[in-house]
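Number of protein chains: 2
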Amino acid sequence: MNEAEEIKAVERRIQKAINAGDVNGIVSCYVGDDSLVIFDDVLPLKITGHANWRKTWEQAFELLPGPWRVEEKEIGVTCGADVGFTWSIVQISAANPVGQKIDGTFRLTQGYRKIGGQWLVTHSHLSLPLDPATWSAVFDAR
Amino acid sequence: MNEAEEIKAVERRIQKAINAGDVNGIVSCYVGDDSLVIFDDVLPLKITGHANWRKTWEQAFELLPGPWRVEEKEIGVTCGADVGFTWSIVQISAANPVGQKIDGTFRLTQGYRKIGGQWLVTHSHLSLPLDPATWSAVFDAR
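Protein chains in written order, with the numbering used here: chain A, 3 to 144; chain B, 3 to 144.
It should be emphasised that the hints constitute simulated quantities derived from the structure, not laboratory data. Please note that a few of the clues may not be correct.
One copy or any two copies: either way a pair holds, since identical chains are not told apart in the list.
[Claimed, not checked] Straight-line distance between alpha carbons at most 30 Å, and here's what the computed BS3-like set of lysine-lysine pairs gives:
no.: 1; residue 1: K103; residue 2: K116
no.: 2; residue 1: K75; residue 2: K57
no.: 3; residue 1: K116; residue 2: K10
no.: 4; residue 1: K57; residue 2: K18
Let's have the full structure, built from the sequences with the hints guiding it.
Laid out in structure tokens, this is it:
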């Protein structure tokens, strides 16, 4: 595998772990210290550090215990020898205890560093586009 | 200047150009072909190509002709020899013709490539965090 394929493999590993509800599997793909910076779709403004990222996923699976489905629709990878980034369009759906479903087409950007021979996410940014008339999230943009 | 400082200088150049309403100054910091991919805060889902990015800024300054103010609050830069990325927190304000002001604390991620000795943005992702109860944008998150 070349570097871009290795990075794509990490993205797929994250998707598979989310679909399996596997918090350890998810966070093992992210740098394991306080340098991690996440811009998540919902508040807070910024999540800093691996421990807080793990907490975010634990809470997400508690809040939405129904089946999760993450599907990559499109991806672009840019990388050098030890720094890279991806942009992707991902369809994400999940359900809460009363069966209400969240289903949206999200934009995801992830920044990577190769550390100890392994590509790890050091920064992640997830969002939905906003309707400029209402400043509300649009779930079904194309 | 080292590579990280060169990338920070590009970020400042973009901010300065936005504050001056200078479309050419803004788009000159972005890769000049169809490989450019932008996830903007508002619709559409994805903007592709330099010409469409220029059009986006022309329309933004038409829609919000009042003074723009972009101020960087915090930045992180990661870079290798020819690939890098930044995350930053930026305060952005602008006004429409009837004086209504938009003012928000945004999250910005930009992916860079060094092309012909010059760092250029090849991917950009801007968002506001959402309130999970309403899926509306939050302008004053801290």
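Hint check results:
{"no.": "1", "hint": "K103 to K116", "in the structure": "neither (36 Å within a copy, 43 Å between copies)"}
{"no.": "2", "hint": "K75 to K57", "in the structure": "both (27 Å within a copy, 26 Å between copies)"}
{"no.": "3", "hint": "K116 to K10", "in the structure": "both (13 Å within a copy, 22 Å between copies)"}
{"no.": "4", "hint": "K57 to K18", "in the structure": "within (19 Å within a copy, 38 Å between copies)"}
Of the hints listed earlier, the one the structure fails to meet is number 1.
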